[in-house]
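Assemble the whole structure, with the sequences as input and the hints as a guide.
There are 2 protein chains.
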Amino acid sequence: MDWLDEVKWDEQGLLPVIAQEVGSNDVLMFAFMNREALARTAATGQAVYWSRSRRRLWHKGEASGHFQQVHEMRLDCDNDVLLLKVTQLGHAPGIACHTGRHSCFFRRFEHGAWRSIEPVLLDPEQIYK
Amino acid sequence: MDWLDEVKWDEQGLLPVIAQEVGSNDVLMFAFMNREALARTAATGQAVYWSRSRRRLWHKGEASGHFQQVHEMRLDCDNDVLLLKVTQLGHAPGIACHTGRHSCFFRRFEHGAWRSIEPVLLDPEQIYK
Chain Z
0 MDWLDEVKWD EQGLLPVIAQ EVGSNDVLMF AFMNREALAR TAATGQAVYW SRSRRRLWHK
60 GEASGHFQQV HEMRLDCDND VLLLKVTQLG HAPGIACHTG RHSCFFRRFE HGAWRSIEPV
120 LLDPEQIYK
Chain B
0 MDWLDEVKWD EQGLLPVIAQ EVGSNDVLMF AFMNREALAR TAATGQAVYW SRSRRRLWHK
60 GEASGHFQQV HEMRLDCDND VLLLKVTQLG HAPGIACHTG RHSCFFRRFE HGAWRSIEPV
120 LLDPEQIYK
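Protein chains in written order, with numbering that gives the first Met the number 0: chain Z, 0 to 128; chain B, 0 to 128.
Source of the hints: derived by calculation from the structure; they are not laboratory data.
Computed from a predicted model, the values in this text were never measured in an experiment.
Think about it this way: if two alpha-carbon atoms lie no more than 30 Å apart in a straight line, the pair counts; the simulated DSSO-like pairs of lysine-lysine are:
id : chain 1 : residue 1 : chain 2 : residue 2
1  : B       : 7         : Z       : 7
2  : B       : 128       : Z       : 7
3  : Z       : 128       : B       : 7
Footprint (simulated), chain Z over chain B, 3 or more residues, beta carbon under 8 Å:
id : stretch
4  : 14 to 22
5  : 25 to 33
6  : 66 to 74
7  : 91 to 104
8  : 110 to 120
From the three backbone atoms N, C-alpha and C, an ideal C-beta is built for every residue, glycine too.
See below:
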């Protein structure tokens, strides 16, 4: 499949991926895909990443139920970063973060410190039970 | 400076950075910072990255005039990815990409191929002269 060969995979065979919410345009999370993860994402229409810590394919939502429906995939000018436009499923508003927050980017730099500014929408113990 | 120590730098001492436009919420580009780049970004209010290809600090806009004014910095749940909220300066609409486009993410996946779907706003030969 040519389109997979156009991607410039890094030395570990991975591609950085940004997931952005359709509608709000909020940046939800950042993760990696390998070749198989990207192929599966394209084939199934749901985000499949490569978990570097667990060293296996990670169908986002497999444990939490918080799957990501993929509307669009965009490759950058260097062919080495992917932008996914997604609907974050399983909860309203969407929960992308394992901490139970909407977005993983919930710590804002303020006066020389990182401060959590987004609410926990659902207790992780409720999510991963 | 404690806040710099809270960042989980990768094995090369780098941090992946997503630049998002204030207002449109468009994702403009993806790059890396090292510790000094992040310190300078915080101190100056303009995005300073680490160029991996040139192996030096890269004050975005130094060659193009397309500087990025930083309004907000967000760290993710794992402390290893940064989200910048920026105004893309130097041209209206903003040009973040070295190809003269608004965003680096201009290639959309369509029917098994990556297709360029965003216009070139300014010829790169005009930008880098």
